[in-house]
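Visitor: Based on the sequences and whatever the hints tell you, model everything.
Reminder that position 26 of the sequence shown reads as 26 in my numbering, one-by-one numbering, no gaps.
Take these hints with a grain of salt, some might be off.
[Claimed, not checked] In silico PhoX-like links for lysine-lysine, alpha-carbon gap of 25 Å or less:
id	residue 1	residue 2
1	K322	K378
2	K129	K51
3	K51	K378
4	K56	K129
5	K277	K315
6	K246	K322
7	K56	K79
8	K277	K322
9	K378	K277
10	K51	K79
11	K246	K277
12	K246	K378
Simulated from the structure, these hints should not be mistaken for lab results.
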Amino acid sequence: MLRFLSVFVLLVVLGSGSRAQDTTSVTFTEEHSPVVEQRFIDRYENVFMTKVPTRKMFKLGYSSTTYNGIGFSATFEYKLLPAMSVEAALTSRTNRLGSVITIDRFERQLSGRNMFASIGSRWYFEMNKRIARQQSANNFSGSYLGVAYERSLAAIQSERPRQHFSVAYGFQSRFLSNGFLDFSLGLYYVTPYLSLYGTGNVPLPGVRTGNAVIASRSLLGLAFGDWKRNSTGPLCDVLHCDYFVKQHFKIRLPDVNVSLKNQSIRGEVSYERKLGKSPLSVNLGIWNETTNSSFGRSSFSAIVEAQFRWYYLQKRQLRRGKASDNLSGLYAGPLFAYNYARSAIRFVVPVDPQRGVFSSWDTSAGILAGYQQRLFNKLYFDATVSYSGLSLQKRFFKVNYGELQAKAGIGFAF
Numbered sequence: 001m002l003r004f005l006s007v008f009v010l011l012v013v014l015g016s017g018s019r020a021q022d023t024t025s026v027t028f029t030e031e032h033s034p035v036v037e038q039r040f041i042d043r044y045e046n047v048f049m050t051k052v053p054t055r056k057m058f059k060l061g062y063s064s065t066t067y068n069g070i071g072f073s074a075t076f077e078y079k080l081l082p083a084m085s086v087e088a089a090l091t092s093r094t095n096r097l098g099s100v101i102t103i104d105r106f107e108r109q110l111s112g113r114n115m116f117a118s119i120g121s122r123w124y125f126e127m128n129k130r131i132a133r134q135q136s137a138n139n140f141s142g143s144y145l146g147v148a149y150e151r152s153l154a155a156i157q158s159e160r161p162r163q164h165f166s167v168a169y170g171f172q173s174r175f176l177s178n179g180f181l182d183f184s185l186g187l188y189y190v191t192p193y194l195s196l197y198g199t200g201n202v203p204l205p206g207v208r209t210g211n212a213v214i215a216s217r218s219l220l221g222l223a224f225g226d227w228k229r230n231s232t233g234p235l236c237d238v239l240h241c242d243y244f245v246k247q248h249f250k251i252r253l254p255d256v257n258v259s260l261k262n263q264s265i266r267g268e269v270s271y272e273r274k275l276g277k278s279p280l281s282v283n284l285g286i287w288n289e290t291t292n293s294s295f296g297r298s299s300f301s302a303i304v305e306a307q308f309r310w311y312y313l314q315k316r317q318l319r320r321g322k323a324s325d326n327l328s329g330l331y332a333g334p335l336f337a338y339n340y341a342r343s344a345i346r347f348v349v350p351v352d353p354q355r356g357v358f359s360s361w362d363t364s365a366g367i368l369a370g371y372q373q374r375l376f377n378k379l380y381f382d383a384t385v386s387y388s389g390l391s392l393q394k395r396f397f398k399v400n401y402g403e404l405q406a407k408a409g410i411g412f413a414f
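Guide: Okay, here's the thing in structure tokens:
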């Protein structure tokens with residue numbers, strides 16, 4: 001017992017001595033250092049080339065309108081001032097109606113009656129402010145207000161050439177080193193009068209409100225100019241190549257035409273979904289064009305189409321790490337379509353106005369090849385070439401004639 005008490009006292013003394021000798025302390029201090037302002041580089045600058053100075057640009061594009069058909073154009077644009085440019089263009093109207101190029105009409109229409117020359121000017125009203133804020137260089141990317149005069153190279157209506165005077169609001173954007181997109185909505189004054197066909201009517205003199213048209217115009221294609229090429233741009237930021245996309249809903253940019261006498265709108269919506277983990281997908285779409293005329297005629301046409309797309313290079317690109325499991329790339333496959341058209345004509349007679357309604361439908365089947373690409377998070381580009389056999393006798397497997405078509409479009413994807 002005495003030995004236990006001695007050991008206990010010794011431990012207490014040693015513990016008290018060690019605690020008395022512990023003089024270690026912990027202190028906290030704050031150091032104030034100046035914050036250096038840093039500028040984060042926009043990953044889209046190299047994509048849209050907003051920081052690349054450009055004074056002249058030559059554009060080759062595919063144009064789509066409802067007031068003057070679709071076709072190809074060659075345009076030269078030159079900057080006079082940072083916010084002001086002039087441009088001259090030559091446009092070939094390959095098809096007067098519809099939203100696709102059909103080869104049988106293409107060969108007949110590539111003539112002086114369907115060649116248009118134009119000259120105009122653009123005011124990029126935000127350019128000076130963007131340059132002052134170091135958000136842009138002196139180039140051709142941005143919103144603009146434009147005026148233009150366009151004239152056909154040969155007589156079209158009443159032995160007179162077709163002329164377009166326009167004031168438009170639009171947006172032009174560069175895309176990588178050699179791409180561009182231009183979309184505008186403007187007021188067009190058309191003389192002799194608005195018609196996609198040549199007639200023998202003699203136009204009345206003077207300015208007529210019926211000749212004014214509010215119309216949209218979309219143009220996309222290749223651009224060449226005096227800028228320095230950038231071969232190491234952030235492609236995956238643009239092409240959406242690192243994202244997995246199993247399905248998307250697509251809305252193509254519409255073509256609109258509104259006047260006092262004629263109104264029309266043309267658009268396309270579609271839905272595409274992948275089949276499991278395979279490079280196959282099903283694309284279901286509907287194309288519609290609706291027109292109305294004050295002369296008593298209205299028309300409605302629609303195409304319901306089912307496409308089976310095989311992205312035949314996707315597996316190889318996945319193995320090489322150049323793509324992901326999505327809905328972008330080259331594709332081929334069969335297509336099936338149901339085509340419906342309806343037109344109504346109002347006949348004015350002395351007793352009572354009458355109305356004649358005409359409708360028709362046909363089916364078609366064929367093959368197609370194309371290229372689709374997602375752009376950023378909400379845009380897409382799709383171009384196809386197809387050959388179909390059409391049946392006009394309400395028998396799906398009765399082919400009356402074949403048709404070769406080509407079309408391209410850009411829009412929003414969700």
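Visitor: Now tell me if each hint is right for this structure.
Guide: For each hint, the structure was consulted:
1. K322 x K378: Holds, at about 21 Å.
2. K129 x K51: Distance ~14 Å between K129 and K51 Cα, so the pair holds.
3. K51 x K378: holds (23 Å)
4. K56 x K129: Distance ~21 Å between K56 and K129 Cα, so the pair holds.
5. K277 x K315: Holds - the C-alpha atoms of K315 and K277 are around 10 Å apart, at most 25 Å.
6. K246 x K322: This hinted pair holds, its Cα atoms lying about 18 Å apart.
7. K56 x K79: holds (6 Å)
8. K277 x K322: holds (17 Å)
9. K378 x K277: With Cα atoms ~23 Å apart, K378 and K277 stay inside 25 Å; holds.
10. K51 x K79: Within the cut-off at roughly 16 Å; holds.
11. K246 x K277: holds (9 Å)
12. K246 x K378: Distance of about 15 Å is within 25 Å: holds.
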